[in-house]
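Asker: These are the residues of each chain, in order.
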Amino acid sequence: MVNKLIVSLSPHVHGGDSVQKNMYGVLIALVPALLVSFYMFGLGAAIVTLTSVAACVFFEWAITKFILKRERSTIMDGSAAVTGILLAFNLPSNIPLWIIVIGALVAIGVAKMTFGGLGCNPFNPALAGRIFLLISFPVQMTSWPVPGQLASYTDVETAATPLALMKQAVHGNADALNQLPGSFDLFLGNNPGCIGEISALALLLGLVYMLWKKIISWHIPVSILATVFVFAGLMHLANPEVYASPFAHLFTGGLMLGAIFMATDYVTSPMTHKGMVIYGVAIGFLTVVIRVFGSYPEGMSFAIFIMNAFTPLINTFCKPKRFGEVVKK
Amino acid sequence: MKTFRIGGVHPAENKLSAGKAIRVAELPKQAVFPLSQHIGAPAVPVVKKGDAVKVGTKIAEAGGFVSAAVFSSVSGKVNKIDNVVDASGYRKPAIFIDVEGDEWEDSIDRTPSLVRECRFSPEEIVAKIKDAGVVGMGGACFPTHVKLTPPPGCKAECVIINGVECEPYLTADHRLMLEKTEEILVGVSILMKAVKVDKAYIGIENNKPDAIRLMAEKASAYPGIEVVPLKVKYPQGGEKQLIDAIIRRQVPAPPAIPINVGAVVQNVGTAFAVYEAVQKNKPLFERVVTVTGKSLAEPSNFLARMGTPMSQLIDAAGGLPEDTGKVVGGGPMMGKALATVDVPVCKGSSGILVINEKEAKRTAPQPCIRCAKCVSVCPMGLEPYLLATCSAHGDWERVEHEMIMSCIECGSCQFTCPSHRPMLDYIRLGKGKVGGIIRARNAKK
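Going down the list, the sequences are from chains A and B.
This note's numbering applies: residue 5 is where the first sequence begins, and numbers increase by one.
This note's numbering applies: residue 372 is where the second sequence begins, and numbers increase by one.
Careful: at least some of the hints might be erroneous.
[Said to hold, decoys possible] Here are the simulated distance ranges between beta carbons:
(1) A:Lys218 / B:Leu800: 51 to 59 Å
(2) A:Ile71 / B:Arg462: 44 to 52 Å
(3) A:Pro126 / B:Ala763: 47 to 55 Å
(4) B:Arg619 / A:Gln24: 38 to 46 Å
Hints are computed from structural coordinates only; laboratory data are not their basis.
Where a beta carbon is used, it is the ideal one built from N, C-alpha and C, also for glycine.
Produce the entire structure from the sequences given, and follow the hints as far as they go.
Answerer: This is the structure in structure tokens:
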């Protein structure tokens with residue numbers, strides 16, 4: 005007995021947190037948005053989500069086993085499933101299966117496993133997948149089913165998204181803004197768009213859950229949303245005919261999804277609270293700039309992608325407030 | 372309610388022995404006294420093989436200014452002076468004494484009466500504390516007389532007494548505050564007199580409401596002593612965190628020390644030892660030790676003589692359970708795992724924690740997911756993930772620049788890490804290397 009004592013350095017206890025707990029926590033936080041997507045897009049949402057998750061988990065398993073030849077598979081940590089759902093959430097519900105599989109391969113294979121797997125990727129895998137698809141298949145990626153066609157998958161009636169209408173307004177279509185659904189409809193999610201991005205309410209529920217479980221801190225989502233609100237609000241005040249209201253900006257497109265679930269990705273966001281705020285403000289700013297002045301109607305994914313690239317730089321310059329730096333009163 | 376401002380975690384408290392009154396442990400058959408029970412130079416033996424000693428006889432004198440004398444806790448004969456493995460895991464020279472009877476030095480006042488009036492001058496108090504071999508009882512074991520002698524240019528403004536006991540499981544200080552309340556308060560008054568200040572704060576976390584109530588009630592009779600209830604948060608018992616929590620001042624990065632912001636911090640156990648040394652002429656040779664653990668039959672608080680083997684205390688608490696995986700000297704956050712339980716109780720032995728096999732094993736680490744939780748919980752405002760990675764790569768210049776020497780090794784980062792990364796192992800490695808580099812650089816100057 006006495007000879008068998010384990011000797012290791014302190015601490016001798018652990019708080020019980022784990023990668024799995026955090027990843028499964030994110031999955032739980034995604035459930036409200038998932039339910040809304042089923043309610044709005046029915047069969048199409050189910051097929052796209054399942055395919056995306058299955059493809060992401062499969063690619064992670066296959067690459068770990070056959071290319072990296074690691075003994076322990078990492079699919080049970082839940083990160084591939086999170087990537088799968090987030091990728092699906094960034095796709096329209098009528099997208100063909102083979103495009104989803106390509107997106108999953110880019111997300112997991114190129115953006116994640118090439119760099120060594122979880123924790124090593126400089127860019128958010130789901131976002132990389134989405135951007136690859138958006139650039140490669142612009143037609144399929146921008147045809148948006150009208151909500152309510154529950155039994156159909158690819159053969160659906162499509163319509164312009166609120167963001168496209170807002171873009172038209174900037175380009176001189178004076179009537180475009182009047183065709184926008186009301187802010188409350190946008191908030192609930194009753195409008196065309198990607199599977200998981202439509203309902204701000206459902207995504208905010210997810211945010212509350214993640215804050216409550218301490219999976220993420222408030223810094224990134226709040227600074228993104230506040231920046232978009234203020235910046236879009238100023239433009240709206242300057243010319244309400246051309247620039248949509250800040251509420252329309254907040255509740256449309258991928259803003260909520262991006263601010264709550266994509267920009268807060270642990271691996272690709274800054275390590276200090278100060279850095280997180282800078283990162284969030286920059287994403288919010290870039291999003292509005294791209295939405296209003298860029299050629300794409302949506303700027304969220306590009307804004308996050310650009311700021312992912314700046315994360316190492318932010319980490320180098322934003323140090324936490326060291327103990328003892330506070331000047332004595 | 373007050374607390375420190377940066378970081379912190381909330382480990383499960385598990386204060387199993389909080390309701391158990393202090394029991395006097397049995398005398399050992401042989402007592403072992405390592406010569407290095409404190410920070411600083413080892414003590415120098417003043418007895419030799421065959422000498423007869425009494426309880427309270429000085430057996431080794433301080434080996435320098437930063438050092439402390441060692442006293443026998445038993446009466447009997449010196450058996451040998453030899454190496455022994457102590458709680459630190461290293462072999463160190465020690466004095467072995469075979470116990471015969473229990474005969475005390477005549478100079479020690481053994482009556483239970485409280486001696487409130489202190490008739491000594493500050494210099495005499497510091498001299499008496501030094502002569503009694505008193506060191507910090509919280510676990511760091513820094514010689515107390517050194518802390519009471521501010522370096523030139525520094526002036527003490529207040530005394531801060533640490534009754535926080537933020538380590539999970541440990542209850543020794545808690546019991547002492549309940550059972551030796553007045554003695555601690557007299558000890559605090561003596562400390563105030565020694566450093567010539569008229570203000571003292573006793574910080575106690577509010578998971579010990581009985582101790583807060585009792586200490587506050589009795590403290591009203593002692594001018595200048597204020598009990599400060601603190602919000603429960605680890606590592607509040609860290610010297611720098613406690614100062615920040617109570618007087619809102621932050622000690623700058625090393626080499627600055629608490630006296631640079633006017634604070635002298637002492638543990639409640641030290642205040643009690645100071646009382647006994649100054650008022651009762653009793654040198655430091657016994658202390659309260661918590662013996663605890665989830666599968667231990669009877670978690671207890673013992674008043675144990677120094678030199679008693681820890682195995683004897685564990686037996687008195689019900690014996691080592693079958694499922695024991697690890698035995699820790701101290702608390703679970705900062706204590707040291709023991710290679711064997713046959714080590715003597717020393718001045719810094721605040722507790723013995725028995726951990727079962729399942730909890731004793733570390734979980735295999737996963738890759739860092741950069742969740743930044745270690746950064747948020749670090750009470751020193753450091754970036755543990757960065758220090759650990761750079762230390763693992765041997766980039767000593769970078770870790771020094773990132774202030775690795777400010778790390779207090781509280782373990783909050785590793786405690787909170789979802790990937791179970793052994794960050795503190797690497798940070799300790801880095802601190803050791805960088806400490807050596809700094810010393811070499813200073814020697815060259």
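Asker: Okay, A:Lys218 versus B:Leu800 on CB: inside 51 to 59 Å?
Answerer: violated, 30 Å
Asker: CB of B:Arg619 to CB of A:Gln24, is that within 38 to 46 Å?
Answerer: Since the Cβ atoms of B:Arg619 and A:Gln24 sit about 40 Å apart, the hinted range of 38 to 46 Å holds.
Asker: Given the hint of 47 to 55 Å, check if A:Pro126 and B:Ala763 actually sit that far apart at their C-beta atoms.
Answerer: For A:Pro126 and B:Ala763 the Cβ distance comes to about 20 Å; the hint is violated.
Asker: Taking 44 to 52 Å as the stated bounds, is the beta-carbon spacing between A:Ile71 and B:Arg462 within them?
Answerer: The hinted range 44 to 52 Å holds for A:Ile71 and B:Arg462, with Cβ atoms some 50 Å apart.
Comparing the model with each numbered hint stated earlier shows that hints 1, 3 do not hold.
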